[in-house]
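Participant: Going down the list, the sequences are from chains S and Z.
Numbering of the first sequence is given in the working numbering, commencing with residue 1 and proceeding in unit increments.
Numbering of the second sequence is given in the working numbering, commencing with residue 1 and proceeding in unit increments.
A few of these clues could be false.
[Said to hold, decoys possible] Only some residues are given here: those of chain S computed to face chain Z with a beta carbon under 7 Å:
hint : residue
1    : Ser41
2    : Thr208
3    : Val221
4    : Arg227
5    : Asp228
6    : Ile287
7    : Pro290
8    : Ala291
9    : Arg294
10   : Leu295
11   : Pro298
12   : Glu299
13   : Asn301
14   : Pro302
15   : Leu306
[Claimed, not checked] Calculated Cβ distances over 12 Å to all of chain S for the following chain Z residues:
hint : residue
16   : Arg6
17   : Ala71
18   : Val90
19   : Val96
Bear in mind the hints are in silico, worked out from the structure with no lab data behind them.
C-beta: ideal position from N, C-alpha, C; glycine also.
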Amino acid sequence: MDSLFLVNLGSPPLLFFFLGAAAALVRSDLEIPAPVAKFLSLYLLFAIGFKGGVALSGGALDGRDWAGLIAALGLACAVPLYGFLLLRRRLGAADAAALAATYGSISAVTFVTATSYLDSNDIDWGGHLVAAMALMESPAIIIGILLYRLYGEKQRDGEEGAIDWRELGRESCLNGSVFLIVGSMVIGWVTGARGMTALSPFVGDLFTGMLCLFLLDMGIVAARRLRDLRRGNMGLPPGTGVGFLFGFAILFPLFNAAVAGTLGWLLALPEGDALLLTVLGASASYIAVPAALRLALPEANPSLYLPMSLAVTFPFNLLVGIPLYHQIIRSLVAA
Amino acid sequence: MKPCKRIEIVIEQPLARRLAERLDELGAPGYTLIPNASGRGDRGLRRGDEVTDTFTNCMFVVACDDDAAVARIVEGVRSLIARSGGVCLVSDALWVRH
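Kindly produce the complete structure, drawing on both the sequences and the hints.
Facilitator: Here is the structure:
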């Protein structure tokens, strides 16, 4: 594990994440302007969607690829269910549903970082995993809301707090990030190698540099949230200790990674695909889900679910998770 | 200058569209939306530094000289911010009509 861990630790994206975190910790005035950060996140979704689409155009999916896609969808449905049952013992229905949705969905940037890690280690991965990522964004949001509807305060249609299903469908399935990933993937699939040649410098050569800049911003924001958490500035629900928050934000993704990794092993997925499926299972959303939840479930406190996914789970997966999952998968494949 | 009520509402940026629609339904004569507000409240520090705008607030300012409409707006906004968190302030003001 040491070598994989060190290779990951020495990669430019991770080092820029640390640089951002260091800037926030030493109170440097380094700042990525919000519109630039939004542009970078759009660029990453566009580039990864397009590259995935181009890879898909290279040949039809085989049975194992389809099995991987079905496993990804199954994970996206199962994680929020058992996550909610676990969290409901400790939290109110709204916060439990929001956290379950956050951890049932995925982090596109963690996925992108994992693809960059695989590329830098010359390990192939299938373009259909980008489709798996897009498939896993939305179900958890809908399941989380359904769970809240089932276990939370009951509202009749038309009352304040009743769920607007049309808006929920739009926010969960057509939110900007899902729309861009799927749209770019379709364009990549339609244009294939010709499209790749046309966009190659933009989605290829520039990709790692853009990822580094985005992770620099993520490092700044994540370190600020950690500091806010430590100082009690996050307005957490009563009775929710920081210890619980940290414990859940690390142990739950590890458990999900074990489930996803086992699925990948049972399906005999190639090393790169198995790692990406595991990373998808272990990651938690901090872009698509929070945005959708603020509209669909405003009762849930974002001070709980956003810092957990952004300031704890995301850095953990970047720093420890990706090389750890890779080492375990590599051992399983070798066995 | 005409006496009126100045209604200021601080709410999370993702809910701005919903509040704007609600204000129209409640008969607000108009509103001004000030984006990218930050600060601190019950739900912690809002730095306005995330790509999702989840931790970014915005502020609506409404000037209204119809007492019945003011009461409707306050009740309508109260039910919205009771779910999502937020602040609604009502104060006396003078409206420079032109």
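Participant: Work down the list of hints and note, for each, if the structure agrees.
Facilitator: Hint check:
no., hint, in the structure
1, Ser41, "holds, 5 Å"
2, Thr208, "violated, 19 Å"
3, Val221, "holds, 6 Å"
4, Arg227, "violated, 10 Å"
5, Asp228, "holds, 5 Å"
6, Ile287, "holds, 5 Å"
7, Pro290, "holds, 4 Å"
8, Ala291, "holds, 4 Å"
9, Arg294, "holds, 4 Å"
10, Leu295, "holds, 6 Å"
11, Pro298, "holds, 3 Å"
12, Glu299, "holds, 5 Å"
13, Asn301, "holds, 6 Å"
14, Pro302, "holds, 5 Å"
15, Leu306, "holds, 6 Å"
16, Arg6, "holds, 25 Å"
17, Ala71, "holds, 17 Å"
18, Val90, "holds, 20 Å"
19, Val96, "holds, 34 Å"
Hint compliance for this structure: hints 2 and 4 are broken, all remaining hints hold.
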